[in-house]
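J.: Each chain, letter by letter, is given below.
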Amino acid sequence: KNEVEQSPQNLTAQEGEFITINCSYSVGISALHWLQQHPGGGIVSLFMLSSGKKKHGRLIATINIQEKHSSLHITASHPRDSAVYICAVYGGATNKLIFGTGTLLAVQP
Amino acid sequence: DGGITQSPKYLFRKEGQNVTLSCEQNLNHDAMYWYRQDPGQGLRLIYYSQIVNDFQKGDIAEGYSVSREKKESFPLTVTSAQKNPTAFYLCASSIGAAGRADTQYFGPGTRLTVL
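As given, the protein sequences belong to chains A and B, one line each in that order.
Under my numbering, think of the first position of the first sequence as 1, with each following residue one higher.
Under my numbering, think of the first position of the second sequence as 1, with each following residue one higher.
Rather than coming from a laboratory, the hints here were simulated on the basis of the structure.
Nothing here was measured: the structure is a model prediction, and the numbers come from that model.
We treat Cβ as the ideally placed atom computed from N, Cα and C, and that holds for glycine.
Hints should not be assumed to be uniformly reliable.
Said to hold, decoys possible - Sample of chain A residues at the chain B side, in silico, Cβ under 10 angstroms: (1) Leu32; (2) His33; (3) Gly42; (4) Ser45; (5) Tyr90.
Here chain B stands alone, though its shape is the one from the complex:
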């Protein structure tokens, strides 16, 4: 079955620790995205990637880092510099270049809680 997987579903972190969220897709999509969702707010774009070894900052990139070494994988690291990291994180992909109005397909999400 084609789709996007994210792991883990729930993640707990102590303050001051970095943590990496996994996102894998087998849809052969070029573009991948990371969004953050907070209660009462719309999804906000953290980073996106249009092609392997290339990625761009979104609206709220501070305190986050990403890599795109393989087409299928786009991991997100939440660093200790992120002041308010507790949130629900969603990964998505689309067939074409970011900026084209293509349907985005979303993963199941990772809920990160900082203790």
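Here chain A stands alone, though its shape is the one from the complex:
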């Protein structure tokens, strides 16, 4: 079992829909990263959080430390949001980043 699990693995949405991507982890962590990877391959950091909730534009990230769970929400989704969204945690004995396998999101016009 992976230490960081994401669901769903694939997600197709219609433009304008509200989207939720989930991340569960099994190790103690100091922080959690949400990352976005576009088809070209480059990765951009969206959020880093260790408690509560953060918002940036149409993106919202929440984390529940007790339940070891985080969610990434996209409001009013747009085709340009199509990408792979990756959850990663700073955890384990060495506090290095441990990555989930990603959620492939396709937003159709």
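For this one, chain A is given, so just place chain B on it according to the hints.
T.: Chain B only, in chain A's frame:
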């Protein structure tokens, strides 16, 4: 513009050859990292460096080597000892020491194909 550059974007290599991937950053970050990405798997750490002239093995260091002679540069050599080198390689950096929960900034990646 500050950022991380990787070159080349695509690289082809014959079996048995060593190849070096470049990573440069002008963010004045102390820590730098090399990750490997394979289809259906999360990124895996190959090597990381917290300071010039120092580097540590990550989870999958076998068949790879690195150097950190300058703060800005952290090249990765894929040696012929790496049994399955075809993958997408990503370099990253962060402001503080590795092991601190700092935001990591990623380069655009190099896709290596062994022919």
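J.: All hints are to be evaluated individually against the structure, with a verdict given for each.
T.: Hint-by-hint comparison with the structure:
For leucine 32 of chain A, the suggested interface contact is upheld, since its CB lies about 9 angstroms from the closest CB of chain B, less than 10 angstroms. Look at histidine 33 of chain A: its Cβ gets to within about 7 angstroms of chain B, closer than 10 angstroms, so that hint holds up. Because the smallest distance between the Cβ of glycine 42 of chain A and any Cβ of chain B comes to about 4 angstroms, under 10 angstroms, the interface hint for this residue holds. The beta carbon of serine 45 of chain A comes within 5 angstroms of a beta carbon in chain B, closer than 10 angstroms, and the hint placing it at the interface holds.
A cut of 10 angstroms between beta carbons decides the hint on tyrosine 90 of chain A: the least distance to chain B is about 4 angstroms, and the hint holds.
Checked against the numbered hints above, the structure violates none of them.
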